[in-house]
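Q: Listed here are the chains, written in short residue letters.
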Amino acid sequence: MQVSHSLKVWALSAGAGALGLMAASAVVPAQNAKTVLMINAIELSGGGATVGTNWRDAVDMAVKDINGAGGILGRKIIVKHFDTQSKPGISKAVITKALDEKPYVVLGPIYSSSTKVNMVVTRRAGVPHIVGSEAASITQTGNPFIFRTSFGQSASMPKLANYLKDEVKAKSVAVVWVNNAFGKGGRDNAVKELKARGIAIAADISTEVQQADFSAEVVKAKQSGADVLFAYLHEEESARLLIELKKQGYDKQIVGETTLTSQKVLDLAKDAANGVKGHVGLTADANIPAIREFARRFEAAYGRKPDHNGIKGYVAVHVVKEITERMGKFDQKGFADALHCTTITTEQEPGVLMDISYDKNGDVDRASFLVEVRDGKQVVTGVLPKLGNAVGC
Amino acid sequence: MNAQGFKRLALAAILAVAILAPLGLKNYGVYLLSLWALYAIAAQGLNLTLGYAGQISLAQAAFFGIGAYISALATTAGMSFWLALPLAGLACFIIGALIGFPALRVQHHYLAFVTLGFNVLVFLVLRNEEWLTGGTYGVANIPRPALFGLSLGGPLAFYYLCLALLVLMTAMFWHIVRSPWGRAFAALRDNPERAASLGISIVTYTLLAFAIGSAAAGIAGAAFAPLVEYIDPTPFTLSLSLAFLLMVVVGGQGTLTGPFIGAALVTLLPEWLRWTEGYYLMVYALAVMVLMVVCPSGLTGLFDMARRRWERSP
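Taken in order, these protein sequences are the chains called A and B.
In terms of the numbering used here, the first sequence opens at residue 452 and continues consecutively.
In terms of the numbering used here, the second sequence opens at residue 1473 and continues consecutively.
Chain B on its own, in the form it takes in the complex (with noise of 0.2 Å):
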């Protein structure tokens, strides 16, 4: 089997198990799958835009609080959730190109910074302009959304909803990496003089990468909201930026299946750990720093790996 192959039968594979594995749970589980599923989406973006085009950005959590408060504030007020959602996505594809000009002009740590600043500016907007976000006492009772008449309000409807987001956004990033955008990202991540000397545009692209990424995380945040049904600034800070930013580089940057691994493994595995009881956060802490030395180009790489290794068997 080439690596082609391998990759889509891992996808099939997720695919498979992302649709049994809630039917033999209980609501916790189904919780943890669901929040997977969309952390899933919103690394699947900074993957286009770390992991492809390698530009690096602290602010996809600023994107999904966006995507959270526009569906949160337009579902609450009365507007459907289908509206809602893809005027989160649109908005944050907006603003997301806007962020992406300091790339023009700065690059790694510096970009890092840039970024940083902006997710702290989302927070403080989020909690001090109490007149429009509810502040620190956050938007409560956020509904669940209806398709066609069927409430999508229990855990295992919700969960498949967020499932048939993640599907589609998948199929969409599919189609990018493949398709002439994805080899311009890659060409701009990997040496953009020579990507500019062929006629792409880096300009367009750079500001493409941040847009598309960003809307994917103001999707995955517009369906972040009705899961939890209460939101507050608190979730959207710094510290979520960096388990997006974990979640690819442990995954595996610039792969397709990196990002579902590296959600998998910062969202459920801290849950997992629980019956070390005091210790969970220690020994998840400890074994991301260890994987990152064994396979510092993620869990992808350490599969890949075992793969090459496999076939060269006898």
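Just chain A, same shape as in the assembly (with noise of 0.2 Å):
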């Protein structure tokens, strides 16, 4: 049989017609007057596969918690949940499909620099935004619609070289910190905040993300004959640092922010984290009932103990359930306008854990603790409590 050359020129359009449908992929509406969709754009491959799987697993808890309490407001919520793959052009891919889903609020991502991207569009379609970046920069920029769920570095940096000069009186210290946005944001402000109190900088040491071989870094930090090494790494790289650090023989103090004695770390550098202390904002160990009760379910639920960002990514949900409910209404710009310089206590929504203010810039403050690895467990040494200095409140 003859085939026409009509017929193949339609059957080659309908196959270059492949295209358009691959990129067609996009949006079911997911919502409802009965439901309210939450979209979850955050690393669940890539190098921040660890924080983002914490993140989402809390997330459906929460979730989970309040659609069987009867929802916000009677609705029950539908998450989705979306892989940035870590990497900034995958994010602002993700967030882009998540909007055109028109989502009551955004949550994540972790990584600060998928978060800046990710921020001018949520900015743009006037959708709360709420994250678990540190980065200092985020809350920097004027946007109304973005909200963290832990300290910035802007805050949490100023406790730690507090509790440096006060509790360790530590002279001089070696910063040893990863060269991305959020190493560099918490290396400047820490600097910063460490020469205001007159400790010396013995040594300033950048290490790359994924880095597996931190023997030179060690040595490095060894001759600079610093008090304390001050560590502001993500979770693995904390890890070998640690190991490496109690190979070559480190035996000066060890000193973190959060991410340094997280629980991650602690299940990978075992007893090389032994001794390490540190500054944290949410800690699973906090001797706080409601925290403990978390940690207890999440670790019954998937078999594991969460780190911090699950407790963000739990309390994030609640945060929404909360405002949303004083409202008394779904409204995207109203939520912005009330959880700016507002508090949530336990006493009103149990779901945050601990008391929570955010200021004008959608920072988070709220106590914090001090904390030391014992015998491969994080232990909590003291309590800070909140700053109470809410800008622009």
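I should point out that these hints are in silico values taken from the structure, not numbers from a laboratory.
Values in this document were obtained by computation on a predicted structure and should not be read as measured data.
Do not take every clue at face value.
Unchecked claim - Partial list, derived from the structure: chain A residues whose beta carbon lies under 8 Å from chain B: (1) 496; (2) 538; (3) 794.
Even glycine gets a Cβ: it sits at the ideal position worked out from N, Cα and C.
With the hints as a guide, dock the two chains, each given alone in a separate frame, to form the complex.
A: Dropping the structure here:
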């Protein structure tokens, strides 16, 4: 049989049309009058998979709890998880897709560089955006829709610097940091606060994301003669650094901020983490019944202890619930206004686990903890009160 | 229909789909198509360097990044995008020509390592020279351009800008590969000694292959910055260079339509496979591996094979 040219043209056009169909894979609206949609754009693969998975599981747990109790204003929550692959470019595609579905709020990501891409898009769309990122610059752009779930670096580093000066009595510090938006922001804030308290920076050592070998960095830190080593890296890299420090017999105090003493680092570094001290904004080992209960239920559900990112994800969903119920309606602009300069106590909403306050930039204030690792476990050695200096309120 | 006619028809069909496809899509689909168009431009550049001139390069992401940063820094400082765009292309043309010099001395995997080193160097400069590039904090609030007072800020309008760039660059590559330059590139790839004996300057054409391929990546990068509206060094690493290489190889190197198809596969397929949830990257990797085993000449080779069988059918 002779196939006509026109038939070939049609067949070819249909084949090329597959291109368009592949791009059209988006969008099935997933909410109606009885449900409310939340989009969780988070790191489920790539370098941030560990932190993102904790956040996602805790978000699921919070949604299950709230839906079990009747939802928000009688509407059940639907949550959709999207993987940013820990890459800002993919994150942009994900958030664009998310907003096509008209979510009430967007949760995540945790990696600061992905948040910086996404927050431009959510701001333009006027969608409240609650993130797990800590880079100081995120809340310094005047974006009225961006909110954190933990301290930004401009809040955590003064607390850490006070701790090093008053408790550890450090005169000089070797700073080891990961060279990306998260690590550089932390390093810049830490160095500023340490210098302001008269503490010398004996070594300023940058490292790479997913770096495997820290032997040269440890040699540099030892040669610096610093009283204290302050490490500000992601979880896996923190564990590798601690193992190398132990291997080279480093005998000075090691101090961190949140990630260095997180559960994932303790699991990976094992006894190399013993003796490490630090300041943490959130910890599953805090002697607070609500947090202990959350950690117990999380471990029962997922077979592992939650880290601070899990607590952040759980709190984020409950913040949405409380503010929406205060307003008595689903109003995105109203939500953003209502969350600025406000406090949510655990009496008002037990799911926030600890009293939490927001300033006009979306930064968080709440009590925090001094911890030490003993026998592979994080032990809380002190509680620092809220700063109580909410900006612009 | 002969092969030439088939190619023309394929390009016309792709163009028709590219114009009409976004009309029924929401912002996400339009964003992906914009990304596809820009990646296809950069892949076309690499296709010229690798597919036609036979010079392997793992630095395409570096030029993509240089173009993006020139555009971002210039437009946030107040320069018009329409000046920043050719400036990015010109800068990458010059730097690309300089990078071509090692290709005069080393070939194949040695050349791959030289260009890989350049990609790492550019990433480190983008990240560490904070005074110039913003370092890890990146460049934010990159404006989208306007044309004759008409804003191209919306997703659809910006997509058509990307598509127009793709059409212009494709026309240029079409002209180049059909001109004596294109034949000289192919001669250089197939047998450099014989090409030299015919009076083709190996030095000139090697450097030109790198320069033109790099300029294409620079132009694509210049439009990528306003598409994403925020850039930092992380996208411009070796993994993006490998993705460009994958686009050329999977699409079919040394063919005009190959980069279009390769860019579509690499950009759109992982997103399309998201319905498989936690498995989508695994399915994607598996699909690419199967394709390479079944058809080492890429998707274009697969289509050619199907076309020849079709034409032979009674």
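Q: Now look at each hint and say whether the structure bears it out.
A: Verification of the supplied hints:
1. Interface hint status for residue 496 (chain A): upheld, as the beta-carbon distance to the closest one in chain B is roughly 6 Å, under 8 Å.
2. Annotation: interface hint on residue 538 (chain A) holds; nearest CB of chain B at approximately 7 Å, less than 8 Å.
3. A least Cβ separation of about 30 Å between residue 794 (chain A) and chain B goes past the 8 Å threshold, and the interface hint is therefore violated.
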